[in-house]
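Next come the chains, spelled out residue by residue.
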Amino acid sequence: MSAPLRAVGTALPRVDADLKVTGAARYTVDVSLPRMLHVKVLRSPHAHARLAHIDARAAAAMPGVAAVVTRDDLRGLNATYGYFIKDQPIVALDKVRYMGDMVAAVAAETEEQAVRALERIEVRYEPLPAAATIEAALAAGAPTLFETPAPGIVPAYGTGASGFKDPAKNVCYRFCYTTGDPAAFARADHVFKDEFRFSRMQHYHLEPFVTVARVEGGEIELWSSCQNPFPLRKELARIFNHPEQNIRVHVPFVGAGYGAKNNCKTEPVAVLLAKKSGRPVRFCMTQEENFLTQSQHAAILRLETGVTRDGRFVARRSEILLDAGAYSDASPLVAEKAGYRINGPYRWEHIDSRCDCVMTNTTPAGPFRGFGGTQASWASESQIDMIARRLGLDPVAVRKKNLLKLGEAYVPGESGMDSNLAEGLDLVCREIGYGRGKRTKGRGIGIAIGFKDSGGVNKPAEAQVKATTTGGIIVNCGTVEIGQGIQTAFTRIVAELFACPPARVSYAPINTDATPFDQGTNASSAIVVMGQALERAARDCIARILDFAAAQLRCEAKDLRLENWSVIKDNQAHALAPMIMRHFGGTGFEFVGRGFFKPETDHHAPLEAKCVSWEIGWGAAEVDVDEETGRVTVCKLVVSGDAGRAIHKDACRGQDEGAAIMGLGQALFETMRFDGPELVNIAAAKYRVPLASDLPETFRAVTQEQGHGPGPFGAKGMGEAGMLPVAAAIANAIEDAVGVRITSLPLSPEKVLAALDAKRRGPDSWAGPDRPYEKP
Amino acid sequence: MQTIFGSHSAIAPYRLLRPARIEEAAAAMAGGAACLAGGVDLVPALRAGRRVERIVHLGGIAALKAIERRGDVLRIGAGVTYARLAADPAIAAALPDLAAVWRGVANVRVRHAATVGGNLMAGNPNYDMLPALLVLDAKLVFVLSNGGHESVRGDAKAWPQGLLACIDVPLAPARRFAFERGFKPAISLAVAVEGQRARIAIGCAYERAFFHAMALDGSAPEVLADAVARELPEPLTDWIASGTYRRRLARVLLARRLRALTGG
Amino acid sequence: MSAAVAEIIAISLTLNGRAHSARVAPQMMLADFLRDACGLTGTKIGCDQATCGACTVLVDGAPLAACATFAWQIDGCTVTTIEGLATNAALDPVQEAFKAKSAFQCGYCTPGMILLAKALLAANPSPDHAAIRDWISANVCRCTGYQMIVEAVEDAARRLREAAR
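Protein sequence lines correspond, in order, to chains A, B and C.
Just so you know, we're using this note's numbering here: the first sequence kicks off at 1 and counts up by one.
Just so you know, we're using this note's numbering here: the second sequence kicks off at 1001 and counts up by one.
Just so you know, we're using this note's numbering here: the third sequence kicks off at 2001 and counts up by one.
So that you can see chain A by itself, here it is in the shape it has in the complex:
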């Protein structure tokens, strides 16, 4: 890192710029095969019902129809899928469990013909009572979603952590973590109990869930808008009892995912119909169907926090209930992370956390940017401010008192913080003007620190770097370009290591036959996990080249270095291309380097491996509250992430800003609204996402480069951090402005006004979840 960098950190445009600004970038929606059919599906109008009868014969006879599938077509297959728990059927088997559950599918020459055919499918449902909310699902006498438990696993955990499958009715998974002595609570001067509610968003990725599949000659080949092609291939092999070597997944550019595009969505139905029809099929969901396929987790979070009177954190007991929706999907993994991250980057004597995945008759919830960290940061960072105010202390000072230091382990057995937390806190305080300037009525400032680990759990990754005769470098790895700029980052890293211009390095398209294994583009893991594998691959390739050159030049490899496709020996450059052709012949050769990375398995670490990295999002908001209408205007929003080392500064800034505005939407207005089990704002015009007009008047994202990351050149993952602190920072700012505390999202004007009314009437009149707290 001492030598000046010439590719990493430069202001060169992203490598995908030309393709994306000209419309030439190819996505799965653009894939079209000869004789391709179009798929449409029939969905359940009931939230919970027994599927008494289904007859698709009339549909099969409709014009243009090539194949219809119902549960009758699942015989002989492993018809259910999921991450830890295999509970979601390809199409409904005995029951439907939410409004929108897939019941049947048709492949026809045109979408219109597929729709006409679906209308002819006869279905008889026997409706069952539905559980639309966490409370309803946990109530005595609640309907049971799964009468017999679905098959699944509980992974191995290390010190202090444990997992339980089906621990209670309608709870598919429970994660627990505990450390330290519960007696610590006795050393606290105060114990504060607070409850927080988190509402769920839809990912709103613009490219829908889409797959083009063909099954020909015993080979399944698909193009999918997907974040994790290798686990997808494995799941399809299991479902269809099909050899993995005969399944090929291509992933073109992905029109974003924000977590949604992991594992099976459109793929099983597409493969089933391609198989049955013998023709290629395209299954592209509509946006409404995206809404009916996957969402974030709504949550109830109950925190019991013991502190000393001078604001030192002592102990915390947490109970988190995640609304998993109708199928488990990634909920057990989200529960792990929500339960593990709930304590924030602070020092505690005792922690006791429990997180349950509660099954409800609503859209299945799955991975979403922040992955449990958003829910945890919302509750924890709100409560820290509440506690500081109750104790008459400054919320920033209380945080500082308890923040983990650089290098300090998160919990026993865990890795140390790889960011200086106080440094980031000072930065956002300075940017927002915390503690400066005189107060204006209705205006307030709030601060929060969002927190999660990054790098996934125990995640392996492998990369390959090839160098051609003339010094063309090809990066081959499974990290999907989903918008984050990973093609740019990885090719710049490799260019830096090869000491060559970035234009010499290209990024190979992803195809599971040829691309080395990767677990998935998620968990902000690309830079810190695949990045390490890639660095090793590049160094391996360079070592092979230098070994070759050393043999040619009759010297030792250690006396050589690579620069711009020459080897430098004693300040003299020897061009590699002629050297290669002299040895290998005129057609040349390719040097191939491989690199592997996986965190070490470690039973002392709670999650069986130490977290690779820690992702911190510092946030600060200044709000103006209209006390007559309850409207909150965010006048100024500052977020900051630590990229460790910014491989591409604009890409880093874009991650922080995009994440922050997603957080702003969640804080103020964006939410999936259910009327009972029915999603009512399913249409694009009703579901409000942030637009440019929603930007705060002043909006700053500051990319820190603290240099402590485990990735190449000190880099860290940072795609999620910007979202984590925003909602709590705004809620904290509202209390600073007008003295009311809102503990449920979104922070709607109606809710704020109700709290203001109650405050004006006095604390006795306060009712509902946003009650003010008593001062001790």
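Treat the hints loosely; a few may be bogus.
To be verified - Pairs of lysine-lysine residues, derived as DSSO-like cross-links and limited to a Cα-Cα distance of at most 27 Å, are as follows:
1. Lys-598(A) / Lys-86(A)
2. Lys-1184(B) / Lys-686(A)
3. Lys-1184(B) / Lys-441(A)
What the hints assert, rightly or not - Some residues of chain B that are not near chain C, with every Cβ distance over 12 Å (derived):
4. Ala-1048
5. Asp-1072
6. Ala-1099
No lab work stands behind these hints: they were computed from the structure.
We treat Cβ as the ideally placed atom computed from N, Cα and C, and that holds for glycine.
Place chains B and C on chain A using the hints.
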């Protein structure tokens, strides 16, 4: 709950009629054809599964796009787009407040496609044209299938069966007009003040815009607004907002607008 | 009655600077006409409800949602898609600005956003921040948080003004 989700590619075939005269369009509509100008509302309905045999395209009827001053009335064709409503010199001269409001309605894509008539005939309580026209005391002029004309005010119980051809907006130099759109979709509010009279209309909060005329008796705007808000019929309670909150917003926003318009 | 009744409609238009004629079914959407019949897949379908603006194209210079406009509606019009901006492999100044400012991530909204910006700069060569925010709020970008797009549009305006001098 919809069980099949179509798409723009799954719209059923239909026959397209492209008349050049209003009367032909009105006759076709009387025969059951759907009409399309900007397509802002019809296309989503077709996508959601509505079947129509025939669609009458209104875009080729020049008469629907006319804007003309007739003495103290400005006649605006139903086929005038929002973009023109916001930018047309005749409207800017005669109804500058209305033109200014329409510069911010919806978004630029919609403003180029959507028409005055489409907005009114969609019957969507969240749309802004009806509340605006109610406070401007405009008349809606329909062409009937027999070729006759009939005009009504926006708050008429029933509108004629026919094709909306134009709207007649009376011009009143002393009238001041304002439109509050900042709290949509919970509520919208149109206010026109002329001398000692005010006309208000509330959108988004009822199945159909609520209209009210009131005297400005010299009381403070807050007092006047409070009295109006108390007497409002119960606003909708839905997933967007409660009736209680909508009533509250009506009071606050009306007071603010009255104060601004009366220079208070 | 002069109204034409047709199962298949003949249309002619200027598409990306070239005269073009075609026969389309009444129900065919402009988006499918461009993507499937003309192979211009830069026009993307996002929400498919004319709300997100990923399918924005310019029709006689005005931004329009191709997912909710029938192909026959553009008969006689001049249509510009993202493929029509770059000439002789040289990017349009708006494309250059989006590239230079990295005003995209996944790229799915980018063609629509660039065309939307083109229309703004044609109407207003020197928009301020507020005018840019207001105008581009027609389209959704879920990735960037918009700020870098606003800066790119500002940069594009500067490039266009300099080119015009």
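Each hint, compared with the structure:
1. Lys-598(A) / Lys-86(A): Status holds; Cα separation ~26 Å.
2. Lys-1184(B) / Lys-686(A): holds (11 Å)
3. Lys-1184(B) / Lys-441(A): holds (26 Å)
4. Ala-1048: violated (9 Å)
5. Asp-1072: holds (33 Å)
6. Ala-1099: holds (16 Å)
When held up to the earlier numbered hints, the structure conflicts with hint 4 and nothing else.
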